[in-house]
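Participant: As you go down the protein sequences, you meet chains E and C in turn. Note that numbering that gives the first Met the number 0 gives residue 225 to position 226 of the first sequence, counting from 1, and the numbers run on in steps of one. Note that numbering that gives the first Met the number 0 gives residue 219 to position 220 of the second sequence, counting from 1, and the numbers run on in steps of one.
There may be inaccurate statements among the hints.
Distance windows between CB atoms, simulated [what the hints assert, rightly or not]:
no., chain 1, residue 1, chain 2, residue 2, range
1, E, 94, C, 21, 18 to 26 Å
2, E, 38, C, 239, 23 to 31 Å
3, E, 167, C, 29, 51 to 59 Å
4, E, 129, C, 36, 39 to 47 Å
5, E, 37, C, 178, 53 to 61 Å
6, C, 227, E, 107, 25 to 33 Å
7, C, 30, E, 129, 34 to 42 Å
Here are the simulated lysine to any residue pairs, SDA-like style, with alpha carbons at most 20 Å apart [claimed, not checked]:
no., chain 1, residue 1, chain 2, residue 2
8, E, 137, C, 88
9, C, 240, E, 10
10, E, 137, C, 79
11, C, 77, E, 179
12, E, 137, C, 77
13, E, 111, C, 4
14, C, 240, E, 54
15, C, 77, E, 83
16, C, 77, E, 90
17, C, 240, E, 192
18, E, 111, C, 79
19, C, 240, E, 68
20, E, 111, C, 175
21, C, 217, C, 175
22, E, 125, E, 154
23, C, 240, E, 184
24, C, 77, E, 133
25, C, 240, E, 56
26, E, 137, C, 78
27, C, 240, E, 83
28, E, 111, C, 78
29, C, 240, E, 14
30, E, 184, C, 88
31, C, 77, E, 135
32, E, 111, C, 0
33, C, 77, E, 131
34, E, 111, C, 88
FYI, nobody ran anything at the bench for these hints, they're computed from the structure. Glycine included, every Cβ here is placed at the ideal spot set by N, Cα and C.
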Amino acid sequence: MSELIAIDGLTKWFGHIHAVQDVSFTVERGEVLGFLGPNGAGKSTTMKMVAGFLQPTSGTASLCGFDVLEQPIAAKRRMGYLPEGAPAYPDMTPTGFLGFIASIRGFSGSEKNKRIALAVERANLKGVMHQPIETLSKGYKRRVGLAQALLHDPPVLIMDEPTDGLDPNQKHEVRTLIEEMAPDKAIVISTHLLEEVEAVCTRAIIIAHGRIVADGTPAALAARDPWHNAVSLTLAANPAPELVARMSAQIAEIDGVLMVEEVEESGRRRLVARIVTGANALAEIGAQARNRNWPVAEIRLEHGRLDKVFRDITTAPRAAA
Amino acid sequence: MRTVWTIFRRELGAYFVTPVAYVFIVIFLVLAGTLTFFMGNFFDRSRADLQPFFIFHPWLYLFLVPAIGMRLWAEERKTGTIELFLTLPLTTGQAVIGKFLAAWVFCGIALLLTFPMWITVNYLGSPDNGVILASYLGSWLMAGSFLAVGAAISALTRNQVIAFVIAATICFILTVSGTDMVLGFLTGWAPQPVIDAVASFSFLQHFLAVMRGVIDLKDFIFFASMILAFLYANAIIVELKKAE
Numbered sequence: 000m001s002e003l004i005a006i007d008g009l010t011k012w013f014g015h016i017h018a019v020q021d022v023s024f025t026v027e028r029g030e031v032l033g034f035l036g037p038n039g040a041g042k043s044t045t046m047k048m049v050a051g052f053l054q055p056t057s058g059t060a061s062l063c064g065f066d067v068l069e070q071p072i073a074a075k076r077r078m079g080y081l082p083e084g085a086p087a088y089p090d091m092t093p094t095g096f097l098g099f100i101a102s103i104r105g106f107s108g109s110e111k112n113k114r115i116a117l118a119v120e121r122a123n124l125k126g127v128m129h130q131p132i133e134t135l136s137k138g139y140k141r142r143v144g145l146a147q148a149l150l151h152d153p154p155v156l157i158m159d160e161p162t163d164g165l166d167p168n169q170k171h172e173v174r175t176l177i178e179e180m181a182p183d184k185a186i187v188i189s190t191h192l193l194e195e196v197e198a199v200c201t202r203a204i205i206i207a208h209g210r211i212v213a214d215g216t217p218a219a220l221a222a223r224d225p226w227h228n229a230v231s232l233t234l235a236a237n238p239a240p241e242l243v244a245r246m247s248a249q250i251a252e253i254d255g256v257l258m259v260e261e262v263e264e265s266g267r268r269r270l271v272a273r274i275v276t277g278a279n280a281l282a283e284i285g286a287q288a289r290n291r292n293w294p295v296a297e298i299r300l301e302h303g304r305l306d307k308v309f310r311d312i313t314t315a316p317r318a319a320a
Numbered sequence: 000m001r002t003v004w005t006i007f008r009r010e011l012g013a014y015f016v017t018p019v020a021y022v023f024i025v026i027f028l029v030l031a032g033t034l035t036f037f038m039g040n041f042f043d044r045s046r047a048d049l050q051p052f053f054i055f056h057p058w059l060y061l062f063l064v065p066a067i068g069m070r071l072w073a074e075e076r077k078t079g080t081i082e083l084f085l086t087l088p089l090t091t092g093q094a095v096i097g098k099f100l101a102a103w104v105f106c107g108i109a110l111l112l113t114f115p116m117w118i119t120v121n122y123l124g125s126p127d128n129g130v131i132l133a134s135y136l137g138s139w140l141m142a143g144s145f146l147a148v149g150a151a152i153s154a155l156t157r158n159q160v161i162a163f164v165i166a167a168t169i170c171f172i173l174t175v176s177g178t179d180m181v182l183g184f185l186t187g188w189a190p191q192p193v194i195d196a197v198a199s200f201s202f203l204q205h206f207l208a209v210m211r212g213v214i215d216l217k218d219f220i221f222f223a224s225m226i227l228a229f230l231y232a233n234a235i236i237v238e239l240k241k242a243e
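Given only the sequences and the hints, what does the whole structure look like? Please build it.
Facilitator: What follows is the structure, given as structure tokens:
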């Protein structure tokens, strides 16, 4: 069975607030699903329901074929869960805390020690094992949470903002760890860092107002950007406005060019030529720039930006979503 | 069973890593001793028994036991660890029982540390040790009943102070429900069966019966069923309120 996580019609009402509306998706072994959305979109609520902490108003979630409500123990055994904020008992040391988790997970003796040692190594916790968790830095606390979730090497890993509060090096370590584990697990991470999705996720779901509004690979989502495959010309310092207007007109006449936009970003002016889907006008625009001696500092192919797509999708009016 | 044992060990350990356990035990021992010797007139009575010691237990427990119980669930909610705890492979029942047993055993440890009382009374005279044993058992069961109330209330809130105040109030009502203060309030308008029912819920009456050496199984069953009833309520409250 390759579908390790199956979510069907998950819905949650908090009083009159429809927090999550009919969310369905599946995650297969080897997939890293990025769960994206603005704050308050229903990301954490959905993850809590998948983890079996919150009871959905309707809909089902199952892990490795076990329904989280019908067979909670079997489902939870197969899941590692890092809740939002990586909570851990503040008075305990990582040694005591991981020992407790290992015992609850049913490990004892040398197997328990081996599991803890491996989780400590993976989460890079050496050196702080005997300090109370409340005295640890935010980064270490997060890693204690990660170690706890990985300890039993679960087939399903659900992590709510796993890199929140980590510095860039630690973020890189955690992403490397996720990539290493990915081939034999189904992993769901929620995040609002788009670079993280591009770095580690094989698939991304964008959720807004409690609904799934987009589902695809990060590249496919980025391709929704109208600037996907557009040709961008960064202009050399302050060309005359007439010249810029003439350039625009000339580019617009090139085959495959849909329209030309003039934009200004951090003091540099750019002309961006949107391209008809499937066409390729980069070579022709480059040739013209050379032949006509345009004041161009850089010519570049745009790939589309996930953050722009994210903004467009999540700020769209509710009805459209 | 293993899971309950693991939870029990973590919870009991949690009392002793902070000063809470030591402060509680010291205060309990000092108060129990002071009350026995000064207010209980232990020596003046010239009787070899521990009645002046046990008689104050309901009143001591009234504010000390809710202090033990208040953190059980409120703290988990406050720190957010409840989300981690309840997504581990364990049932709510195991969690409720493991936590309760840890706190109850902790109360038991504090109670056992009053053994110098028992030594003293045996040194001074020849008391009925059967009654003393029954009183200790009754006292521990009563502490368990207070604790079960405290644990259930603790699951209602993330604020430990609120948990403490509400639990202490409920414990107070349960303690005095058989006294004239409460029954006098009901007499005259409430039907007799209601008055009897209220009276039968009095922790004080049941404990006094045990303490006087009237060893009746029904007093022990009363406390045991109070514990079970409140633990059941505890589990339901945890299920309903865990995510709020």
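Participant: Now tell me if each hint is right for this structure.
Facilitator: We went through each hint and held it up to the structure:
1. 94(E) <-> 21(C): 18 to 26 Å: For residue 21(C) against residue 94(E), whose Cβ atoms are near 22 Å apart, the range 18 to 26 Å holds.
2. 38(E) <-> 239(C): 23 to 31 Å: holds (27 Å)
3. 167(E) <-> 29(C): 51 to 59 Å: holds (55 Å)
4. 129(E) <-> 36(C): 39 to 47 Å: holds (44 Å)
5. 37(E) <-> 178(C): 53 to 61 Å: 59 Å Cβ-Cβ, so the 53 to 61 Å window holds.
6. 227(C) <-> 107(E): 25 to 33 Å: holds (30 Å)
7. 30(C) <-> 129(E): 34 to 42 Å: The hinted range 34 to 42 Å holds for residue 30(C) and residue 129(E), with Cβ atoms some 36 Å apart.
8. 137(E) <-> 88(C): Measuring from Cα to Cα gives roughly 26 Å; hence the hint is violated.
9. 240(C) <-> 10(E): Holds - the C-alpha atoms of residue 10(E) and residue 240(C) are around 18 Å apart, at most 20 Å.
10. 137(E) <-> 79(C): holds (15 Å)
11. 77(C) <-> 179(E): violated (34 Å)
12. 137(E) <-> 77(C): Between residue 137(E) and residue 77(C) the Cα gap is close to 18 Å, so the pair holds against 20 Å.
13. 111(E) <-> 4(C): It holds: about 16 Å lies between the C-alpha atoms, which stays within 20 Å.
14. 240(C) <-> 54(E): Measuring from Cα to Cα gives roughly 11 Å; hence the hint holds.
15. 77(C) <-> 83(E): OK: residue 77(C) and residue 83(E) at ~14 Å, within 20 Å.
16. 77(C) <-> 90(E): holds (14 Å)
17. 240(C) <-> 192(E): violated (31 Å)
18. 111(E) <-> 79(C): violated (26 Å)
19. 240(C) <-> 68(E): Between residue 240(C) and residue 68(E) the Cα gap is close to 16 Å, so the pair holds against 20 Å.
20. 111(E) <-> 175(C): Roughly 50 Å separates the two Cα atoms, so the pair is violated.
21. 217(C) <-> 175(C): holds (19 Å)
22. 125(E) <-> 154(E): Violated, at about 25 Å.
23. 240(C) <-> 184(E): Judged against 20 Å, a Cα distance of about 32 Å means the pair is violated.
24. 77(C) <-> 133(E): holds (14 Å)
25. 240(C) <-> 56(E): holds (15 Å)
26. 137(E) <-> 78(C): Status holds; Cα separation ~14 Å.
27. 240(C) <-> 83(E): holds (18 Å)
28. 111(E) <-> 78(C): Violated, at roughly 26 Å.
29. 240(C) <-> 14(E): holds (14 Å)
30. 184(E) <-> 88(C): OK: residue 184(E) and residue 88(C) at ~19 Å, within 20 Å.
31. 77(C) <-> 135(E): Cα-Cα ~18 Å, so holds.
32. 111(E) <-> 0(C): holds (18 Å)
33. 77(C) <-> 131(E): With Cα atoms ~18 Å apart, residue 77(C) and residue 131(E) stay inside 20 Å; holds.
34. 111(E) <-> 88(C): Given pair residue 111(E), residue 88(C) holds - Cα atoms ~16 Å apart, limit 20 Å.
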